[in-house]
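Novice: The listed protein sequences correspond, in order, to chains G and B. With full-length UniProt numbering applied, the first sequence covers 1 to 308. With full-length UniProt numbering applied, the second sequence covers 1 to 308.
If you are wondering where the hints come from, they were derived from the structure by calculation, not from laboratory data. Worth double-checking, as some hints may not be accurate.
Stated by the list, open to error - Cβ-to-Cβ under 10 Å is the rule here; a few derived chain G residues that face chain B:
| id | residue |
| --- | --- |
| 1 | Met1 |
| 2 | Val3 |
| 3 | Ile182 |
| 4 | Gln187 |
| 5 | Thr211 |
| 6 | Arg212 |
| 7 | Met214 |
| 8 | Ala215 |
| 9 | Leu223 |
| 10 | Tyr257 |
| 11 | Ser290 |
| 12 | Arg291 |
This one's a predicted model, so the numbers in the text were calculated from it and none came from an experiment. By construction, the Cβ of each residue, glycine as well, lies at the ideal position given by its N, Cα and C atoms.
2 protein chains.
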Amino acid sequence: MDVPERVTVKEVGPRDGLQNTAGTVPTATKIAWINQLGKTGVSYIEITAFVHPKWLPALSDGAEVACRIQREPGVTYAALVPNVTGLARALEANVDEVAVFMSASETHNRKNINKSLKETYPVLDEVIRTAAATGKKVRGYVSTVFGCPYEGEISVERVKAVTDRLLTMGVYEVSLGDTIGIADPRQTNEVLTELTRDFSTEQLALHFHDTRGMALANTIVGLTHGITTFDSAAGGLGGCPYAKGATGNVATEDLLYMLEKMGVSTGIDFSRFIEAAAYIDDIVQQPLPSRQLSMYFREQEEKRQGRS
Amino acid sequence: MDVPERVTVKEVGPRDGLQNTAGTVPTATKIAWINQLGKTGVSYIEITAFVHPKWLPALSDGAEVACRIQREPGVTYAALVPNVTGLARALEANVDEVAVFMSASETHNRKNINKSLKETYPVLDEVIRTAAATGKKVRGYVSTVFGCPYEGEISVERVKAVTDRLLTMGVYEVSLGDTIGIADPRQTNEVLTELTRDFSTEQLALHFHDTRGMALANTIVGLTHGITTFDSAAGGLGGCPYAKGATGNVATEDLLYMLEKMGVSTGIDFSRFIEAAAYIDDIVQQPLPSRQLSMYFREQEEKRQGRS
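Produce the complete structure using the sequences and hints provided.
Specialist: The following block contains the structure:
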C-alpha cells in the first residue's frame, strides 16, 4: 500500500470543535486544554477564530486565549480570520499564522459569510496581502467541497476554481473541507484525481467530518493520493452552525491510531493525546463520537473497578 | 476506483449482535425484528446460534426463533453451529444453511471453544459432511484474523492454513473476522494480497468490528481487492464474550450508505433497513455506535419538534 511515511495532523478542535458550544467552555479551561495539546507533539493547533462575537460567541475570548497560552517550541498556533479586521486582532494577539475560509458553494458561502464567492475573493486577498506584509503565512479553507446542505453536489470544476484562486492569491495550502461529512471514498478519489492534476499534494490538505462514519475511509484514499496533511479535532468535537446535519470533525485520536498502526508517523504521542481528548470530553459534557476515547474510558472504568 | 458493482451484505445482527445481551431480548421481539429485516431486501440473515445455552444463554431460544419467523423468498436464514449436536438442532429448525467457526489464534480458539486448532478440524469436518449429506451449505468463520486479544498479531500463514483447511473440508466461503476491531487498512491490504493469491475472491468474505472506527476504511481495501461479501450488524450491535475489548460489528446501515453512495449496489432498501435498526436500538436500550442511526434519530426528533 503506497502511502506517505509521515503526515501532519492539524488539530482544529479548539476552533472548529468549540465554536458551537455557545460560550460554555471557560477561557481558562480552553487555555489549559491548548497547553495540554501543545505538549502532545502536535505541530499545529488552530486555537480560535477572530470573527465578530455576534457570529461565534463561543470564541469571543480569542484574544485572551491567544495571549495567555504557553507557546511550545515547534508548535504553530493559528487562528481563523474572516477579514482584515479579524486579521488585525489576530496579529495583535501574536498568532503564528492565520487561516481564511470560503465555500465552494455559492449558497453556503452566502449563509456562512453573507457574501457571494465573487465578493469574497477581494476580502481574502486583502487578508493574505496584509498578512504577507507582516511575514505571516496564510492557510485557506474551502468548505462544502464534497456536498452542500443547500445545493447538493458541488462540481469538481468549482472546487478547482476556488482552490486555484486561493493559491494564486497566496495561501500556502488549501484544506478541502467535507463540511457535512458526506464525502464517500469514490468521490474523494475523483476529487483528488482531478485536483492533483493541477496542484501539488503539498498544496492540499483534507478536512473530514465524520457525520456518516466515512472520514477514515476517505483518509485512506487521500493517503494513496499522497496527501500529507489532515485536519481533525480531539474527541471528534465540531460542526458548522450554518450547515444542518454537520456534526464533528474526525476524532484526532482515531486518526492517529490508524495512521500509527499503519506505520505512518505523525510525531504525536498517542497516550498524551488521548488524555487531552479525555480532558475536553469531561468539559463539554456531551458524548463525543471518538472510538478511542470510548475505549479509553472503558479501560479506565475497568481499572477503577479492579476488573482489569 | 476499481471496486465491484454489486456486493452481498450479510446481516449477522440477530446472532453476533444479540449473543451478548444476556437473554434480555424476548423471543417474540427477535422474531418481529428478523421478520422486519427479511423485508429490507437483505439476502442473508444469521438468525441465531445452536450453541449450548451455558455458553450463549441469550440465544437459547434459537429453535423457536428459527421455527416461528416468516421466511421471505430470496432470503437465506442461517445459524451458527459449533458441532453436529448444534447442527442437528439447526436442521430440525429447518435453517437454510449453517456456519461453523474457529479461530486463527490457538489461545482464542481454546478460550472460545475449549479445543486446540487441531482438535477443532475433525469436529467441523463432521458438521460439514453431515450438512452436505442433507443438502445444506456451510459457511466458515475464522476469528482473530487481524489480531488476538491473547496472542497479539497473527501470522498470515496461520490464517491461510486455517482458511485452506476449511475450504478443503467443504465450506463455500470463509469469513475473515476482525474479532477485536484492530485491523488497519495496510494490514487488511497485506492479508488480502496474500490470501487472494491462493483463494478466489468469491471464497472470501470480510467481517469487521468497528471498535476503533476503521471498519469502513478496511472495507474500502476489501472492495479494491474485489471482495464482494461483507458481514455487518444492524445498529452496530455485537461483540465477543471471550475477547476483551471486542465491541460491535460495523453497522449495516453505515456500510449500506457508503456502498450505495459509491454506486456499489447491495439490493437492500436503505430506508427500510434504518427502520429495522431503529427498532432494535429501541429494544436493547444501550446507545448503539451507528452513525446513520444517530442521524435518523436526530431527524426524527427535529420533525417531532417541528423544527425541520
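Novice: All hints, please: hold or fail.
Specialist: Results of checking the hints against the structure:
no.	hint	result
1	Met1	holds, 5 Å
2	Val3	holds, 7 Å
3	Ile182	holds, 8 Å
4	Gln187	holds, 8 Å
5	Thr211	holds, 7 Å
6	Arg212	holds, 5 Å
7	Met214	holds, 6 Å
8	Ala215	holds, 8 Å
9	Leu223	holds, 8 Å
10	Tyr257	holds, 6 Å
11	Ser290	holds, 8 Å
12	Arg291	holds, 4 Å
In this structure, every one of the numbered hints holds.
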